[in-house]
Every structure is written in structure tokens, then in C-alpha cells.
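Here the protein sequences come in this chain order: L and Y. Each residue of the first sequence is one higher than the one before, counting from 1 in my numbering. Each residue of the second sequence is one higher than the one before, counting from 1 in my numbering.
Worth double-checking, as some hints may not be accurate.
What the hints assert, rightly or not - Below are the EDC-like pairs computed for lysine to aspartate or glutamate, each with C-alpha atoms no more than 16 angstroms apart in a straight line:
id	chain 1	residue 1	chain 2	residue 2
1	Y	K102	Y	D171
2	Y	K414	L	D327
3	L	K309	L	D327
4	Y	K34	L	D49
5	L	K414	Y	D349
6	L	K351	Y	D349
7	L	K66	L	D165
Think of the hints as simulated: they come from the structure by calculation, not from any bench.
This is what each chain is made of:
There are 2 protein chains.
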Amino acid sequence: MKCERFVVNAAGRRVPTIVNGKEMIPFQGIGKYKPGGRKYAPPIPSCLDYPSNGDKTLDSLEEALKRCGLKNGMSISTHHHLRDGDLISNLIFDIAHANGIKDLTWVPSASFPCNEPLIRYLEDGTIHHIEGSMNGALGKFTSYGGMKGCAVLRSHGGRVQAIQDGEVKIDIAVIAAPSADCFGNATGAQGPSACGVLGYSLVDMMYADKVIVVTDNLVPFPCMPFQIQGNYVDYVVVVDKIGIPEKIISGTTQLTKSPDRLLLAQWTAQFCAEAGLLRNGIGIQTGAGGTSLSVGLHFHEQLKNNGWKARFGFGGSTQYMVKMLEDGVMDYILDAQAFDLEAVRSVKDNKNHIDLSVYQSYNFHSKGNYTSLIDIVILGATELDTQFNGNVVTHSDGLLLHGIGGWQNCLHAKCTILPIPLFRDRIPVIVDQLTTLCGPGELIDVVVTERGIAINPLRKDLIEKMKNSSLPIVSMQDLKAQADAICGVPDKAAISDKDEDTVAVIKWVDGTVLDTVKRVLV
Amino acid sequence: MKCERFVVNAAGRRVPTIVNGKEMIPFQGIGKYKPGGRKYAPPIPSCLDYPSNGDKTLDSLEEALKRCGLKNGMSISTHHHLRDGDLISNLIFDIAHANGIKDLTWVPSASFPCNEPLIRYLEDGTIHHIEGSMNGALGKFTSYGGMKGCAVLRSHGGRVQAIQDGEVKIDIAVIAAPSADCFGNATGAQGPSACGVLGYSLVDMMYADKVIVVTDNLVPFPCMPFQIQGNYVDYVVVVDKIGIPEKIISGTTQLTKSPDRLLLAQWTAQFCAEAGLLRNGIGIQTGAGGTSLSVGLHFHEQLKNNGWKARFGFGGSTQYMVKMLEDGVMDYILDAQAFDLEAVRSVKDNKNHIDLSVYQSYNFHSKGNYTSLIDIVILGATELDTQFNGNVVTHSDGLLLHGIGGWQNCLHAKCTILPIPLFRDRIPVIVDQLTTLCGPGELIDVVVTERGIAINPLRKDLIEKMKNSSLPIVSMQDLKAQADAICGVPDKAAISDKDEDTVAVIKWVDGTVLDTVKRVLV
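With the sequences and hints as input, model every part of the structure.
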């Protein structure tokens, strides 16, 4: 059985304490669980096992995987900096399949539509399960119970926490790198498949037993400034092409043109101004969705008009954020992910566009996180309940279609604001019971919809500041009633409620199990 | 007893297998010892134990040390980037002493004359022993048997190996930082006490249980570009002054004016040219001593005249190396240590002056080292024997006066050249029996003296290339005979040969014990 020994956790959700044969700790409430123990300790290597001329290149990824001892049951990690243009992740499993390897765990930092071909390897048992995210087709496949094991979904910060803590042991990390030298120093900033930064791979580099760098742009030693450090790298493989540049650009980084979304953005910006959240020296994370980008434009304008500067903007970085930097209304971009080519260029050109791994900034099992220093963070959700609890991974029909990304991590910001439409395709976003709980309501501060803005009752300070606002401040109950009046109360989705139909678990930032995803029945 | 269970190691030296109560492995020959086991695993922290506003500042170093649980028997580490201008290291032990703490181990990356006041704490038992280097007065004190425990000397690379492998557990790392933010992000590149880089502290930051950043220049979050990552930092302490800028400049970075030394430099450069070692795309490390700097000037000129470029120069960096970079005859400076203010400026100004920790480049228990990729390295020695074995820590009178620095690590370069005078103050440099063995002769390729150049018989390739040279190529035996003829055979130094008089051990780069230092009797 994929999941065993279910208990009800502190969020009232029924969760397993054994997943894929490994013990898990149920969610104990925000700020309640403290880890014991020590970080994962990789084997001590020796220079004696590496060529003294520094040349670690091998002829093929297959040879590299074999030299790393690829075998049944291993965990293989990859990054998603090449986004939907990634040509390497699937190749790993083609090789594994061709060599008859079974029961692998794939630990990507995120997955994309380009990974759809991996479904056949999930079907034939080459891949046992995924620990990461399952977007689109992979998610649908998972939802219908196709995966041999139970998927484990983590936030970006949760992924590095899990690897650091040894919750997930990475046997082999494969790092696709837009430029690398023969020793394994690598960077995403340059090369024909440039993707800006490689920050999601830092934790894999540090903790994986074996590390393979795959590049299509071998440069003379030393590849500097480095992002990946060659002294952690076992092998370097040169291939023709690691990525399709035009698909490295995220599809999400287009400004919205929808009048409703533009209204959400405008109200969000106005809310921030009126509540005194927007100020000189602020730290912000606006995200890359169409509405979020539009909020960012409003912030840019307001900062400029007031003669203010944002102290830092958190990436994923976009052309709009780069404009803020280059326009002098932002001191630093702290960036773990470049969303478009302007951002890629900026990593290379701007000294203050900082390559900053999520390992450094989002890991809850760290000596502090950057997330709690961000003043305003703009996030989305697929569902919210009236207690402000949020879902980002499943839709109301039960289908698992998105990863958690940095969403859970960013909930720790000083003010989290969710500009979301009240309904999508006549499906209300505000529901009685979340399909999947991804973030406890006590961390979500403001919900901005086109029919009113709800402030979390816990944020008395914001309620007080907005009491004379011209903005339509309402309650979540009001919003829900409006949505129901328009859409009607939707039918119950055809989702199993049986323990044995658990297809995925949702981890919280501290490694505990917050909720499960159940099999979709029709 | 400080040292127990002596055996004769593969270098023929009698060494203890228990030092300060800890088991040690005797040297087994170059490339013979491979580590088992896993890297040291620090405790898993949690954000819950750190302020969510990111402000880790405390009022005093004393408070920070107390909060870190300072107690008898702990190991405290510091870096030496502030060189002889360091105002923080001694302060730690003043505080420990005032609080009655005993039996500490001090693990500096190097010590300087400014650390002489620590002798009183070695005398009164506040400090049990030092693992690092003991220069000048501290070394003399150690040589006469003053230290309670046995000193352990390691190379820069050996220090990071030992900390990474858990051979030395750092309880508290104190990192003096020329600029830092309240979260603990820090850099040496800016501030009134700027020292360029902080690379020696990277391993302390990663592996110490507790990390304190001490700064005299608190900047708004985020302190970027970072060298020290705040997510590893427990506390930040702001003091008036961490260093005396004019003493941060090393005393060693002056060009030699001695005609003999200038001859050594000229012959060294000529040797490199004639042997075909100097070429386009070369990697070099010339060091910061007067003769080495002069060799560097010759290289600069020759590269320029030939229209060649060095691909990289390894730091410690100096104004002369910066000139090579800015003059376009060097692509990159890879730097763990800035030796003068021009180098400090360059770290800040030049994108290709790379902050590169010895942890990344010198650690023998890594997946390869940069050192073996360096084409020419220029080093010194206090003594050599006719088998090319070298000593850098003691003088022939037995006094321990220098640290190993990066010397052992750099011996792994493709060609190691030691330009040294045949005698100093009428004491021959080439001896029958080394006072202390620091580096096996098989790794030392060429010795350049003012009376001839000896090539290691193992380097048949170099002997062949130089067979028609106008340079005076001689044997080490010849050189020794010349020195003896001029100086006479010196009296035997008054050094104990008893096991119980072991005052220090010399570690090799792989963590094994290469030799001991004995008590000086008069």
C-alpha cells in the first residue's frame, strides 16, 4: 500500500504517517513542529577518485549515469530552470528504461508539459513515483491513480528542507547547465540555452551522492562567475542541446488584458497604498502571473511617483522587475528563477541582480528565512475557504494540475495578498471545503476579488487602517454568498474519500504532512 | 599526555596516533589514504528559533557567545582575513577568560603577531591548544612547550577538509565581517575595514553549530552581493571597529630589492620560459612574498610580449596580480584572500576577480581540486633536503614560526618551483635532515637558488627540456655541498627527540599525520 496508518492532523485533515514505506510526521499546526537530528551527511569524497587534470567530461549521459551506479530504486533529481524547454529530464529516464532500471523516484524542482512523455515510464514502473510537482498531464495521470507509488508535493523551500534533512536522499543529481567547464563549474547566465540562474540545483549539488552536469556549451576552465561549484561535481557531459530557448520563457509572464484582472490588480495596489504597506525601502514579491505582473506595474508607478525605492524584489524575475531595477526604483533583485529573456539578460548584466538560491532564502529548516522579511507578497489560489485556508494544487473537480512552487514559503511574508477572481468558468473559487489544503488560513491576510476585498479577521491592524477606505471591504462569507448566488452551489466532485485512494500527499514547509490528494473517480 | 601511541609513518617520521585524546591516522604516502565515512552533519535548525523580522543583532559579543552556550572545552573558529589588523579574535578569549571558561580550542585559519596577547590564555588554561597556525611569538611559545595541549597544524585546504569531515567540530564560529546586515549576510568587499573576500570562513559558516557575525558596518538588509550567507548565521554583533585597515595589508607584499632575490626571480621566470611552462592560457599562482611578486612581474612582461594571456591567477591577490587582470594579460583572479588594498578594491570593482573559497578549490576531500590545474606555482621553504622534501613551519633552530598556509595544497600543481636563497644568515637552507617535514619531495619539482637550479630527478621531462639551457642546472647534492662549503655544517639544534616533548603535529592534506614538532630545549 502506498500510504498507511492514517491519523487526523492539527488542520483536521486525515493524513498517512507512512508514505511509500517511509515514516512521516503529521502537520502539528503553524510553528509547532521543530526538527531534531542532524542534516544529511553525504559521503566524504577524495581527489584521488577524480582526474588531476580536472577533466571530468564523459561522452554520454548514459555513461555518466552508469558510472554513478544507476540502479533500481534510486532517486534522481533535476531542476526546472529550462522550464518547458527542458531536453534533459526525459532523456535520463529514456536511458534508465533502455537499461531496464525500475522503481526510480524522480525529484524535480518542478515539472512542465514537456515532461508528459514520462507517463509511459510511470506506467511501466521505470519511475515509481514523483516527489516534486505534477503539472498538467502528469498531474491528471496521478489524479486517476496511475502512479505506482504516492506522489509527494513540496514547496520550493520544502524541497530543499527535505533534501538537506535527509528526508529525501538524492542518489544522482543531473544538472542541466547552459555553460560549464570540464571540472563542473557551471552557470545559467550564458550560453545558447541561457536560463539566468541555477539556484534550484544548489541543494542537489551539496547533498546528492553523485552529481552530473550536462551542458551544451563547454567553456575553458574556469567557468566564472560560477553558480554550480565543480568541487561537488562527479561528471560533465556535453550534448548538442540542453534546452529550447524559446520555451525556456515561461508562458505565465504575460500582462493580463482581462478587464476583471486589471481591476484586481488596481484594487490590490490601491489597498497596499491605503493600508500603508507600500513605502520606501519595501521588500516585495509580485510573482509572474498576469494579474501579479500588473500589480507590479502599479507598484513601480507608485514608488516612482513618491520618490521611493523598493529595497529588494524577490524573483522569479521578469522583464517588469528588471525595469524596476534599471529604472532605479528597486535596489536588488534576489533571484532563484528567471522567467523571461530580459531577466536572463539582467542576471548577466546587472551586478544587483543577485543569484540567490531558494536554499538560502526559503528553507524553513534554516537559521531564518528571507520570506518573513518580505513586506508584500502577491499570490494566487485555485480555492479558498471562508477561513482563508488555501489550495493551489487541485481544482474543484479534484484534478491535480499545479505544483506548490514557492507559495507556502511566501505565505510567511508580512502581508500576503491574493488577488483572485470570485469564480472561474462559473466554478466558485471560495468554497465550503477545500479539495486540498495547501496553506493554513492564519497565514493569508487579504483576498482581493472583483466583487470585494476580504481582510483576515486576525489582521485587526489592516482592518483598522482600511475602515474609511473607498474600496469595497467585505467578509469572506459575503464573497462566498455572492459567488454562490451567481454560480449556484456546485455538485460534489467525484473524488474518492478512501485512504487507499490517496494519490499524493502535501507537505508543509517544516516537512510535516498537511493533506492528501485523492483519486478522481470519473 | 598530549600525544600517545607513536608509530613510524610512510615518510619515515615517528608520529602519534592519539593527539589530545583523539585518534589520528599516520601518513600513508602520497595518494594512498582514502577517507571512509560521511561529512560532518550539523544540527538541523528551524526558523522558529530565529526572529521572523530577520533581526539577529545582539548588543555585545559577550551576549552572543553566551547565547551560543560558550562553555569549557568548546572549539572556537576565526578567520585571518583582517591579518595583523584583526581586533576580534583576541576579544573572544578576553570574554571567555572573564567568564572563567577553560580548555577551549582555537581554530583560526591563520594567526598573526597581533594574536600574541593570547599567550596569557594559553598559560592560564583558557585555551587548551590551537589547531591552525602559530606565527611568531605564539609559535615560539609553543616551541618551548608552553601549550597545555598539542598544537595541530594544517594547510588551508587541510583545515576545510578537517572541518568538513568532522575531524574538528566547530562549536562556535566567529566571523568578523567588514559589512553585514542584521540577518547575517556579510561581505568583506566593503566597509571601513574592507578586506576583500571572506573565503576562509565559508567552511566555518557551513559546519559550525553556531555562527556569530561581528561587523563594524551594519548595512540595510540585504547585504549584497553576499559572501557569508545569513541563513547559516545565529547572531550579528555590531562593534566600533573590527580591524585596523593599515594592518590588514600584509607585510609580505613588497617587491624585493635584494639583488640575490631579484636574480632568483629572473632565473625562475627564465626557467619557466625555456621549459615551455609559460604559455598562452596558463594558470598560475605566484604568491605574495617579495621574490614571488618579482617572478609575477616577469610573467606579466613575458605574457604581454608574447601576446599571451594567463587564463587564471590564483590568489592571495596583490596589486601586481590586479594589474595583470586590468592590463588584459589575465582572464580571472580566483581569490580566497586579498593581500593589499588594491586587491580589496579589485574584488569590488572587477567582475572577473572572483570570490572563491579555499573550500571550493583546496579541499582534498572534494570531487577534485583546483590546485592540480595550476600550471606553475611559486612557493618558498625554510628548509629542503636533498630528496626535495620541504619544511615551511620551523627554522633549523627548531622554532615553530610559520603556518603551512596553502603550501601543501599548492604542491599539487603541475609544476612547483621554489626560488629560495641557498642560506639565510649563514644557516643553510638545504639540510641532511629536515627539522620538520611539511611536504614530500616527490611533489617539489624545481629549486632555484642563486648558485644553481636543481630539477627533481622525477621530472625527466623538465630535465630533458633544460638540457641545453644557459641556466646553471645542478643537483641538490651540488647545492648542499656549496652551502656547506660556505657556511660549514651547522651544529645540531637543541631540540628534544622524545615523544613526550611533541608540541605540535603536522597534518597532510588528506588528514593524516605527516610529522611532529618537538620542544626546543634552549
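Query raised in the report: Of the numbered hints stated previously, which ones are contradicted by the structure, given in increasing order?
Result: 2, 5 and 7
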